[in-house]
Amino acid sequence: MVWSCFCILYTVLWLNGGPRCSSVAYGASEEIGPFRIRPDGNSLYLNPYAWNNLMNILFIDSPAGVGFHIRIKQQIYIHLVTRKQDHVYIRDLFFLTAAEDAYIFLINWFERFPQYKRREVYIAGESYADGHYVPQLAQLVYHKNKEVKNPTIDFKGFMVRL
1 MVWSCFCILY TVLWLNGGPR CSSVAYGASE EIGPFRIRPD GNSLYLNPYA
51 WNNLMNILFI DSPAGVGFHI RIKQQIYIHL VTRKQDHVYI RDLFFLTAAE
101 DAYIFLINWF ERFPQYKRRE VYIAGESYAD GHYVPQLAQL VYHKNKEVKN
151 PTIDFKGFMV RL
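In terms of the working numbering, the sequence shown is residues 1 to 162.
Wrong hints could be hidden among the right ones.
Claimed, not checked - DMTMM-like mimics (lysine to aspartate or glutamate), calculated; alpha carbons at most 25 Å apart, straight line: (1) K144 <-> E111; (2) K117 <-> E100; (3) K156 <-> E111.
No lab work stands behind these hints, which were simulated from the structure alone.
The whole structure should be built from the sequences, with the hints applied where relevant.
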């Protein structure tokens with residue numbers, strides 16, 4: 001889900017924590033998104049404090065299996081078992097897989113919507129995401145960008161709570 005203004009020169013990728021809390025269902029509709037759900041659940045109202053008033057914001061559900069994001073669980077398990085043989089903890093692999101999935105999504109998203117390609121990108125989140133998903137995805141994007149001359153993602157930084 002993307003809400004944007006083409007005059008704004010940067011984009012923020014938002015990840016909710018939880019773990020397994022939907023960024024679309026919670027972050028976009030109950031926190032920083034452009035609309036809020038009325039208490040009766042039948043209509044929306046504008047959020048005067050929405051972040052999209054100041055930036056392009058991209059909400060994705062992560063890790064796989066959260067919200068509307070569908071991935072075959074067996075593939076995740078096979079990937080984790082294979083990597084476990086390399087003496088890496090399954091918990092760390094789960095986060096790495098989440099970061100890899102989000103990175104692939106971002107690359108594909110920027111290819112699909114090239115008008116956002118040269119905007120500065122920041123990664124942010126809350127709760128469990130700002131301590132796990134955000135820094136691991138930020139590290140992955142940073143290292144992948146170092147490997148290529150003209151990276152697809154114009155990554156500038158990430159935001160976490162102190």
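Results for each hint:
no.	hint	verdict
1	K144 <-> E111	holds, 16 Å
2	K117 <-> E100	holds, 19 Å
3	K156 <-> E111	holds, 19 Å
Of the hints listed earlier, there is not a single one the structure fails to meet.
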